[in-house]
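2 protein chains.
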Amino acid sequence: MSLTRSDVAARVLADCVPEPVDAFEAFAPVNIALCKYWGKRNALLNLPVNDSLSVSLAKKGSTTKVCWLPEQAEDEVILNGDAVDRDSSFYKKVVAHADLFRSLVPGALRVETVNSVATGAGLASSASGFAALTRALAGVYGLPLNDEQLSILARMGSGSASRSVYEGFVRWHKGVRADGMDSLARPLSEIWPDLRVGVLTLTSEVKKTGSREGMQRTVDSAILYGAWPEQAERDIARIEHAIAVRDFTLLGATSEQNALAMHATMLASWPPLLYWQPESVAVLQKVWQLRADGLQVYATMDAGPNVKLLFEAGSEADVRLAFPDIDVVVPFG
Amino acid sequence: MSLTRSDVAARVLADCVPEPVDAFEAFAPVNIALCKYWGKRNALLNLPVNDSLSVSLAKKGSTTKVCWLPEQAEDEVILNGDAVDRDSSFYKKVVAHADLFRSLVPGALRVETVNSVATGAGLASSASGFAALTRALAGVYGLPLNDEQLSILARMGSGSASRSVYEGFVRWHKGVRADGMDSLARPLSEIWPDLRVGVLTLTSEVKKTGSREGMQRTVDSAILYGAWPEQAERDIARIEHAIAVRDFTLLGATSEQNALAMHATMLASWPPLLYWQPESVAVLQKVWQLRADGLQVYATMDAGPNVKLLFEAGSEADVRLAFPDIDVVVPFG
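Residue numbers (my numbering), protein chains in the order written: chain A, 1351 to 1683; chain B, 1351 to 1683.
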């Protein structure tokens, strides 16, 4: 019989003695994967096909406050100041995640989340959201969990949330166990103060196909996906090496190729999956032209139309000139 | 030692006794591949990795007149009424192709080609051009070659020219021989009078990266290309079946997925290869919306930004309404 999320949560929380408090607030950053997570070996537990590696975006992310309301009948979920409808999938996902902890401490919760990035537009709000929620739940129940345990629990809410538990460069190890107790993220020790991530928000429309569904469609229908694990394995080794020796060209080129290869697997799915807008192509072409002109700037894209640029501090002025609307983040600020 | 094109041409022409005439004109249609040719096992002889299958576009193509001018010193090449510079790659390619025959009958040639589609914009002008040139050369030298021999010779000029030797549905058999004497196209017997191909010319700019170079870059650098032969093999079987049972949905869906999978392998190359313009994405999204609204229309794209639509006669009015600039071709008119 296959394991449920609750089974795994029970294993993580086995030795915990809860000491609930009234309220707890936590922050988690969004993260941009340089080597992408795309495809699951276990869809229920969010166990990935491949290792992935990201950089967290410092102060950009989700702040989540959880209040324990044992007198109240039903959970409340508030997103960016607005009460979320109880019939929405967002509400249900938050409550289902809270339920993983609820066997220890019964009672309703109020979950208030504020995202500093657009929700559901491929800007990784679910990663920061589930990481912040996991931290806040652990906090409100007074559970002495370490970051790796938080990473496992956050991963069951949203795969890439496993990485948003940390700042800086983070590698999510896919693990091999059926229960996923070894599928968790760990931070890299290296920092890169000159690294910049520029976010170009072309649209904040909610995408038609969520990453969960998109990923599954790719795995189920794209013959080209068969070559993706090899791509990811090669790329993550190159990226770790680039970080270790601080080779920006290798970091940028590998990240861009990895992102485009992921989008390639989507395009080769059926029905075809294309998160791009016409403007996404225009931005990519502009990036390639800038590079041809000698500027070291690379693009990465997640399951959405928006483009993120990778560059170093020395190129920032030129990048800003080319993309006046860019939002520049200093990951190691 | 590896075979040259001349070696292969000598084998094809081995038993031919030339009877030259002053001039010969030939026409060959462009063809749109429903299962694409992408990747070579021998770059010199244009021997492909996979079988491909196309439909020829009736009257749309190249008309080439070759005049035998034994008194003249140098070849002349005229494209769409303009003399082509002797230093251009176009001139050199035409002359190199003529040279395959020239061992039989020396003397300069004048080659006049008129294309009814834009040259070098991913509209398969090189396919029709080399097929028409091959036919015209055979004609001017009075060589009694059959279509399969013409297909082999045309293929050495441009791979997809092997298919432009025929009208209708055509399958290019990749062959297994080192000399490529079994790598040639044959027509399918089926016709499909209701089939329509709509050409949307978004730009007639000459592309920066030719298909020859693009193909090589994909084979050399895209890990995802490793899964392409399997994709092509599955798709060509489905397309032949769809033609045999006249299942338009299967034909359209398989052709679209095959084209997008080919573009996916390009996108996964390094440097990334994207023949699309922003408008290409807009057209694809419009096609998908029309399909969601119930219209049976599918897209295919070659190594260029332009989009070709596949539909049946019954949908033509709706397709024209959605794309007023479309150029509709009746392949079996």
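Simulated from the structure, these hints should not be mistaken for laboratory data.
Hints may contain errors.
Identical chains share a label here; the pair holds if one copy fits it or two copies do between them.
[Claimed, not checked] The list that follows gives simulated cross-link-like pairs (lysine-lysine, DSBU-like), each with its CA atoms no further than 30 Å apart:
(1) Lys1636 / Lys1443
(2) Lys1557 / Lys1636
(3) Lys1636 / Lys1415
(4) Lys1442 / Lys1636
(5) Lys1557 / Lys1524
(6) Lys1442 / Lys1415
(7) Lys1636 / Lys1524
(8) Lys1558 / Lys1636
- Task: Check each numbered hint against the structure and report the violated ones by number, ascending.
- Result: Of the numbered hints, 1, 3, 4, 7 do not hold.
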